[in-house]
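Visitor: Sequence:
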Amino acid sequence: METSTLEELHLLWFGTMASGWADSPQRISWFAADPGFDAELIRRFAGLPERLLQEPRRKEPAVRELLSTVLAFDQLPRHLYRGTSRAFAFDAAARDLAAHIIDSQEDMNLTIDERAFVYMPFLHSESLEDQVRSVRLFTALRNQTPKGYRYLSGAFLQSAHQHHDIIRRFGRFPHRHRMPDQASSSQSPPVR
150 METSTLEELH LLWFGTMASG WADSPQRISW FAADPGFDAE LIRRFAGLPE RLLQEPRRKE
210 PAVRELLSTV LAFDQLPRHL YRGTSRAFAF DAAARDLAAH IIDSQEDMNL TIDERAFVYM
270 PFLHSESLED QVRSVRLFTA LRNQTPKGYR YLSGAFLQSA HQHHDIIRRF GRFPHRHRMP
330 DQASSSQSPP VR
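Quick note: the sequence shown uses the numbering used here, first residue 150, plus one each step.
Errors might be hidden in some of the hints.
[To be verified] Pair by pair, the computed Cβ-Cβ distance ranges are:
1) D314 <-> F180: 35 to 43 Å
2) A289 <-> D314: 18 to 26 Å
3) Q293 <-> R176: 15 to 23 Å
4) H326 <-> G169: 37 to 45 Å
5) K208 <-> D314: 35 to 43 Å
6) F186 <-> Q311: 18 to 26 Å
7) T233 <-> R192: 12 to 20 Å
8) A181 <-> T260: 33 to 41 Å
9) Y298 <-> E204: 32 to 40 Å
10) Y298 <-> A195: 29 to 37 Å
Read the hints as simulated data drawn from the structure, not as lab findings.
Beta carbons: idealized from backbone N, C-alpha and C, even for Gly.
With these hints in hand, go ahead and build the complete structure from the sequences.
Guide: Below is the structure:
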(Lines of atoms letter the chains of each structure in order from A; the text may use other names.)
(Lines give C-alpha, C1' and ligand atoms only; values in the text may rest on other atoms or scores of the structure.)
Protein backbone atom coordinates (compact mmCIF):
# COMPACT_ATOMS: atom_id res chain seq x y z
CA MET A 150 0.00 0.00 0.00
CA GLU A 151 1.01 3.60 -0.46
CA THR A 152 1.80 4.13 3.20
CA SER A 153 3.17 7.68 2.98
CA THR A 154 0.27 8.82 0.79
CA LEU A 155 -2.22 7.26 3.21
CA GLU A 156 -0.47 8.99 6.12
CA GLU A 157 -0.80 12.30 4.22
CA LEU A 158 -4.51 11.64 3.69
CA HIS A 159 -5.00 10.87 7.39
CA LEU A 160 -3.19 14.08 8.38
CA LEU A 161 -5.20 16.16 5.90
CA TRP A 162 -8.48 14.58 7.03
CA PHE A 163 -8.00 14.65 10.81
CA GLY A 164 -5.10 17.03 11.45
CA THR A 165 -2.62 16.24 14.20
CA MET A 166 -5.35 15.12 16.62
CA ALA A 167 -3.20 16.50 19.46
CA SER A 168 -6.30 16.74 21.65
CA GLY A 169 -7.47 13.23 20.74
CA TRP A 170 -10.09 14.71 18.40
CA ALA A 171 -9.89 15.85 14.79
CA ASP A 172 -8.70 19.42 14.45
CA SER A 173 -11.50 21.97 13.87
CA PRO A 174 -10.37 23.11 10.38
CA GLN A 175 -10.49 19.49 9.21
CA ARG A 176 -13.97 18.95 10.61
CA ILE A 177 -15.24 21.98 8.72
CA SER A 178 -14.02 20.49 5.41
CA TRP A 179 -15.54 17.04 5.87
CA PHE A 180 -19.01 17.66 4.49
CA ALA A 181 -18.80 21.01 2.73
CA ALA A 182 -18.99 21.20 -1.04
CA ASP A 183 -15.88 23.38 -1.13
CA PRO A 184 -14.31 23.69 -4.61
CA GLY A 185 -10.98 24.70 -3.02
CA PHE A 186 -10.88 21.60 -0.83
CA ASP A 187 -11.93 19.41 -3.77
CA ALA A 188 -9.13 20.94 -5.88
CA GLU A 189 -6.58 20.22 -3.14
CA LEU A 190 -7.74 16.61 -2.90
CA ILE A 191 -7.55 16.24 -6.68
CA ARG A 192 -4.06 17.73 -6.76
CA ARG A 193 -2.76 15.53 -3.96
CA PHE A 194 -4.73 12.30 -4.28
CA ALA A 195 -6.05 11.94 -7.86
CA GLY A 196 -6.06 8.29 -8.85
CA LEU A 197 -5.41 7.00 -5.32
CA PRO A 198 -8.60 4.91 -5.05
CA GLU A 199 -7.83 3.23 -8.37
CA ARG A 200 -4.21 2.53 -7.39
CA LEU A 201 -5.24 1.04 -4.06
CA LEU A 202 -7.67 -1.32 -5.78
CA GLN A 203 -4.87 -2.54 -8.06
CA GLU A 204 -2.24 -3.06 -5.36
CA PRO A 205 -1.88 -6.53 -3.91
CA ARG A 206 -2.73 -6.46 -0.23
CA ARG A 207 0.32 -7.02 1.91
CA LYS A 208 0.24 -8.63 5.31
CA GLU A 209 -2.16 -6.97 7.72
CA PRO A 210 -1.48 -3.20 7.73
CA ALA A 211 -1.89 -1.09 10.86
CA VAL A 212 -5.45 -0.01 11.65
CA ARG A 213 -4.85 3.68 10.79
CA GLU A 214 -3.55 2.65 7.37
CA LEU A 215 -6.73 0.61 6.91
CA LEU A 216 -8.81 3.60 8.05
CA SER A 217 -7.04 5.82 5.51
CA THR A 218 -7.75 3.25 2.81
CA VAL A 219 -11.45 3.38 3.78
CA LEU A 220 -11.23 7.19 3.43
CA ALA A 221 -9.62 6.75 0.01
CA PHE A 222 -12.49 4.50 -1.14
CA ASP A 223 -15.41 6.20 0.61
CA GLN A 224 -14.66 9.91 1.06
CA LEU A 225 -12.10 10.79 -1.61
CA PRO A 226 -14.25 9.76 -4.60
CA ARG A 227 -17.09 11.97 -3.33
CA HIS A 228 -14.69 14.92 -3.72
CA LEU A 229 -12.63 13.75 -6.71
CA TYR A 230 -15.67 12.82 -8.81
CA ARG A 231 -18.34 15.07 -7.27
CA GLY A 232 -21.61 15.08 -9.23
CA THR A 233 -20.86 11.89 -11.18
CA SER A 234 -21.70 8.23 -10.63
CA ARG A 235 -17.94 7.61 -10.25
CA ALA A 236 -18.23 9.24 -6.80
CA PHE A 237 -19.86 5.99 -5.62
CA ALA A 238 -17.76 3.52 -7.64
CA PHE A 239 -15.58 2.49 -4.69
CA ASP A 240 -18.36 2.11 -2.11
CA ALA A 241 -18.28 -1.71 -2.08
CA ALA A 242 -14.51 -1.75 -1.51
CA ALA A 243 -14.92 0.77 1.33
CA ARG A 244 -17.71 -1.23 2.93
CA ASP A 245 -15.81 -4.53 2.68
CA LEU A 246 -12.70 -3.05 4.26
CA ALA A 247 -14.75 -1.31 6.96
CA ALA A 248 -16.49 -4.61 7.75
CA HIS A 249 -13.07 -6.26 8.12
CA ILE A 250 -11.93 -3.55 10.56
CA ILE A 251 -15.13 -3.82 12.60
CA ASP A 252 -15.31 -7.62 12.57
CA SER A 253 -11.72 -7.81 13.85
CA GLN A 254 -12.63 -5.15 16.47
CA GLU A 255 -9.72 -3.00 15.31
CA ASP A 256 -12.09 -0.02 15.18
CA MET A 257 -11.94 0.02 18.98
CA ASN A 258 -8.27 1.08 18.69
CA LEU A 259 -9.28 4.30 16.90
CA THR A 260 -10.55 7.62 18.22
CA ILE A 261 -14.26 8.50 18.13
CA ASP A 262 -13.73 10.74 15.07
CA GLU A 263 -11.75 8.06 13.23
CA ARG A 264 -14.32 5.38 14.01
CA ALA A 265 -17.07 7.51 12.48
CA PHE A 266 -15.29 7.30 9.13
CA VAL A 267 -14.87 3.53 9.41
CA TYR A 268 -18.66 3.33 9.86
CA MET A 269 -19.48 5.80 7.07
CA PRO A 270 -19.49 3.19 4.23
CA PHE A 271 -22.51 1.53 5.87
CA LEU A 272 -24.30 4.89 5.96
CA HIS A 273 -23.55 5.31 2.23
CA SER A 274 -24.77 1.82 1.29
CA GLU A 275 -28.05 1.21 -0.52
CA SER A 276 -28.52 -2.07 1.36
CA LEU A 277 -31.11 -1.96 4.15
CA GLU A 278 -29.05 -4.48 6.11
CA ASP A 279 -26.05 -2.13 5.93
CA GLN A 280 -28.27 0.78 6.99
CA VAL A 281 -29.41 -1.15 10.06
CA ARG A 282 -25.75 -1.82 10.87
CA SER A 283 -24.97 1.88 10.35
CA VAL A 284 -27.61 2.95 12.87
CA ARG A 285 -26.35 0.36 15.35
CA LEU A 286 -22.70 1.44 14.91
CA PHE A 287 -23.44 5.16 15.18
CA THR A 288 -25.69 4.58 18.21
CA ALA A 289 -22.85 2.77 19.98
CA LEU A 290 -20.42 5.50 18.92
CA ARG A 291 -22.63 8.23 20.36
CA ASN A 292 -23.10 6.29 23.59
CA GLN A 293 -19.34 5.83 23.92
CA THR A 294 -18.61 9.51 23.33
CA PRO A 295 -18.03 11.54 26.52
CA LYS A 296 -21.13 13.64 27.25
CA GLY A 297 -19.50 17.01 26.61
CA TYR A 298 -18.41 15.91 23.11
CA ARG A 299 -21.57 14.33 21.74
CA TYR A 300 -22.49 17.06 19.25
CA LEU A 301 -20.68 15.46 16.30
CA SER A 302 -21.40 11.82 17.16
CA GLY A 303 -25.04 12.82 17.67
CA ALA A 304 -25.07 14.46 14.23
CA PHE A 305 -23.60 11.29 12.71
CA LEU A 306 -26.33 9.24 14.40
CA GLN A 307 -29.05 11.58 13.13
CA SER A 308 -27.63 11.27 9.62
CA ALA A 309 -27.55 7.47 9.96
CA HIS A 310 -31.26 7.48 10.84
CA GLN A 311 -32.03 9.75 7.86
CA HIS A 312 -30.10 7.53 5.44
CA HIS A 313 -31.76 4.42 6.88
CA ASP A 314 -35.21 5.96 6.44
CA ILE A 315 -34.50 6.85 2.80
CA ILE A 316 -33.35 3.30 1.98
CA ARG A 317 -36.27 1.77 3.89
CA ARG A 318 -38.69 3.97 1.99
CA PHE A 319 -37.19 3.99 -1.52
CA GLY A 320 -34.75 1.05 -1.57
CA ARG A 321 -32.04 3.37 -2.92
CA PHE A 322 -30.80 6.94 -2.74
CA PRO A 323 -32.94 8.59 -5.46
CA HIS A 324 -30.50 11.47 -6.04
CA ARG A 325 -27.81 9.00 -7.13
CA HIS A 326 -29.99 7.58 -9.85
CA ARG A 327 -31.81 10.69 -11.03
CA MET A 328 -30.83 11.81 -14.51
CA PRO A 329 -30.23 15.56 -14.80
CA ASP A 330 -33.16 16.04 -17.17
CA GLN A 331 -35.65 14.01 -15.12
CA ALA A 332 -38.06 15.79 -12.82
CA SER A 333 -38.08 14.49 -9.28
CA SER A 334 -41.18 12.68 -8.11
CA SER A 335 -43.15 14.06 -5.21
CA GLN A 336 -42.05 10.95 -3.27
CA SER A 337 -38.33 11.58 -3.73
CA PRO A 338 -36.41 13.28 -0.95
CA PRO A 339 -34.63 16.51 -1.80
CA VAL A 340 -31.16 16.29 -3.31
CA ARG A 341 -28.49 17.46 -0.87
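Visitor: For every hint, state whether the structure bears it out.
Guide: Status of each hint after checking the structure:
no.	hint	result
1	D314 <-> F180: 35 to 43 Å	19 Å, violated
2	A289 <-> D314: 18 to 26 Å	19 Å, holds
3	Q293 <-> R176: 15 to 23 Å	19 Å, holds
4	H326 <-> G169: 37 to 45 Å	40 Å, holds
5	K208 <-> D314: 35 to 43 Å	41 Å, holds
6	F186 <-> Q311: 18 to 26 Å	23 Å, holds
7	T233 <-> R192: 12 to 20 Å	18 Å, holds
8	A181 <-> T260: 33 to 41 Å	21 Å, violated
9	Y298 <-> E204: 32 to 40 Å	36 Å, holds
10	Y298 <-> A195: 29 to 37 Å	34 Å, holds
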